[in-house]
Every structure is written in structure tokens, then in C-alpha cells.
Amino acid sequence: MTVKEAAAALQLSLLCGDDSREITGVYVGDLLSRCMSRVEEGDLWITIMANINAVAVAALTDPALIVFCEDVEIGDDVLAKASENGIAIARSAQDAYALCVAYASIGGAAS
Amino acid sequence: MDELSLYVLDITMNSVRAGADAISVTICEEGDWLDFTVTDNGCGMTEEQVKKLTDPFFTTRKTRKVGLGIPFLTMLAEMTGGFVRITSTHESVSDDHGTTTHARFGRNHIDFIPLGDMIETVLTLIQGSPDINFTYTHKTDGGTVYLSCAELREILEDVPLNEPEVLAWIRENLREQYDAASAS
Chain U
1 MTVKEAAAAL
11 QLSLLCGDDS
21 REITGVYVGD
31 LLSRCMSRVE
41 EGDLWITIMA
51 NINAVAVAAL
61 TDPALIVFCE
71 DVEIGDDVLA
81 KASENGIAIA
91 RSAQDAYALC
101 VAYASIGGAA
111 S
Chain X
1 MDELSLYVLD
11 ITMNSVRAGA
21 DAISVTICEE
31 GDWLDFTVTD
41 NGCGMTEEQV
51 KKLTDPFFTT
61 RKTRKVGLGI
71 PFLTMLAEMT
81 GGFVRITSTH
91 ESVSDDHGTT
101 THARFGRNHI
111 DFIPLGDMIE
121 TVLTLIQGSP
131 DINFTYTHKT
141 DGGTVYLSCA
151 ELREILEDVP
161 LNEPEVLAWI
171 RENLREQYDA
181 ASAS
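Just so you know, the protein sequences line up as chains U and X, in that order. For the first sequence, position 42 matches number 42 in the working numbering, and the numbering has no gaps at all. For the second sequence, position 107 matches number 107 in the working numbering, and the numbering has no gaps at all.
Honestly, the hints are just simulated from the structure, not real lab data. Just so you know, even glycine gets a beta-carbon here, dropped at the ideal spot from N, CA and C. There are no misleading hints in this set.
Simulated DEER-style distance windows between Cβ atoms:
no.	chain 1	residue 1	chain 2	residue 2	range
1	X	Asn162	U	Ile106	52 to 60 Å
2	X	Thr135	U	Ala8	56 to 64 Å
3	U	Tyr97	X	Gly31	34 to 42 Å
4	U	Val101	X	Asp96	55 to 63 Å
5	X	Gln49	U	Glu41	28 to 36 Å
6	X	Cys28	U	Tyr97	33 to 41 Å
7	X	Asp111	U	Gln11	27 to 35 Å
8	X	Glu165	U	Leu15	54 to 62 Å
Cβ-to-Cβ under 8 Å is the rule here; a few derived chain U residues that face chain X:
no.	residue
9	Leu31
10	Asn53
11	Ala56
12	Lys81
Modelling step: build the complete structure from the supplied sequences, incorporating the hints.
In C-alpha cells form, the structure reads like this:
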């Protein structure tokens with residue numbers, strides 16, 4: 001499933017990045033030092049940590065899409081850095097559990 | 001990195017890489033705060049370099065692997081109502097060069113992560129860099145734990161500090177000091 005298809009099915013608002021990438025796995029986490037070693041290339045990474053450090057973690061780990069859930073506030077600096085580094089970001093009002101359930105129900109799977 | 005001791009180790013390893021031969025690590029737990037301060041006499045940083053420390057992209061872009069140490073530490077400290085302050089004098093500016101990193105955490109804040117095992121952290125440092133004079137001070141509510149590699153060296157003379165017997169003695173000595181501090 002591509003970022004675009006997942007965004008449509010999960011009612012995500014895509015804010016920046018390439019929506020044609022294939023999502024190959026899922027990771028949920030907020031403790032960035034942990035995420036740095038656990039997010040995998042091509043992942044859908046769901047987190048509430050909408051800051052510049054999360055974008056830096058994504059630059060290292062290369063997920064297909066970061067979803068900032070629970071409608072957390074996303075600063076302009078975050079989107080600017082993400083665009084600059086080609087990282088796709090989306091926002092959702094739902095929490096991580098609801099997003100995972102919805103993603104699984106449309107056939108998405110963790111790697 | 002879900003214990004502060006790992007950040008203490010990370011910051012202190014920066015001092016080692018900066019060529020310091022004397023590094024002091026001080027932890028102070030008092031009232032609502034836990035403060036840790038690492039002071040070294042290494043090569044120091046320019047003002048420009050210090051400014052870039054909090055930008056994860058400057059460093060990640062250069063090395064792709066490291067460089068999130070200070071941004072993560074700053075985030076953790078600020079999440080608990082604290083801060084990270086770094087002051088540095090580069091060797092090109094003064095003979096009295098080096099870096100001081102001071103991190104403050106609200107230790108009663110719900111997002112505070114535990115300090116972790118400082119004894120093993122200190123041993124890791126001494127084992128890895130036996131020629132550096134580490135000074136370790138931990139002030140707790142019950143008392144102060146203190147270790148000085150320079151003082152140990154005076155007693156041990158030519159015996160390297162990373163000899164297994166010496167490390168075992170340091171571990172035991174720190175353990176006794178911590179036990180005394182928690183008993184009072």
C-alpha cells in the first residue's frame with residue numbers, strides 16, 4: 001500500500017513529502033532514542049512527538065511516512081525541515097491504537 | 001536511552017573525544033531538581049559550534065549516525081521543566097579551554113526518567129580511559145558519594161586504574177558509599 005492509499009483510507013491529512021512510496025511496516029513510539037533504533041526503512045511511524053528531533057530520527061531511519069497522531073501541534077520548522085529532507089508527514093486526530101486497528105483492517109501489516 | 005546515566009556517559013565520552021585529561025562529573029539531587037554537570041579541559045568549541053549543538057540536522061547531515069545526543073538530552077530536560085546549558089572555551093581563544101555541560105531535570109515530574117546505574121557508568125568510563133582523571137561527585141539527600149581518580153593514582157602509583165582488581169575495589173567502594181548515603 002502506498003502512502004497516498006493509506007492516507008485516503010485512514011483519513012490522514014498529508015502535509016508534505018512523497019505520497020507514492022510503498023509502506024512496508026509499522027512502528028509506534030514516542031521515545032525518540034528508542035525510535036532511532038526501531039523505526040525501519042519504509043515504515044509507517046506513528047508518534048505524538050511532533051518536533052524537529054523526530055524529523056532528524058526520520059532522516060536517519062527513512063520511514064515512508066510519519067503520522068503525528070492525536071492532533072498534536074506541528075510547528076512550521078518541523079514541516080520545513082521535513083520538506084527539505086524529503087520526509088512525508090501526515091496528521092491524524094486519532095490515537096495510535098485506533099490508527100493501528102484501522103491500518104490492519106485495510107490489510108496493512110507490520111514488517 | 002531511557003536512563004539518565006546513559007546521557008551522562010554520552011556527554012562524558014564527548015569530553016574524552018575532545019582530548020580532555022581531567023573530567024569532573026557532578027550529580028546533585030536536591031529538592032525538586034536533579035542537576036548533572038560535566039566539566040572538562042578538552043579542546044572546547046567555538047561559539048559557532050556551540051550554537052549548532054541543538055540543531056540535530058547540522059550534525060546528522062555530517063555523519064548520518066550520531067549527533068542527537070544533545071538534542072535528545074535537551075528535550076528530556078525541558079520535558080521535565082529543566083534545561084541544558086553548555087558553555088565552552090575553544091583552545092584557539094584561551095589556554096584555559098574546555099566545556100561545561102549542565103543539565104537540569106525536574107525529578108518529581110511525571111516524564112522524569114530514572115538516573116540508572118551510576119556505579120557501572122563510572123566504571124565504564126574509567127575502564128575505557130584509565131589515564132583520564134575523572135572526578136565523580138554525587139550529592140544525594142542522604143549524603144555525598146565521591147571518587148577521584150587523581151587521588152587513587154597517588155596511592156596506587158604505577159598500577160593502571162583499569163586493572164580488574166582496581167575496578168572491583170572502586171565498584172565496592174562506591175557501593176559502600178551509596179549504601180551509607182541511603183541509610184542515613
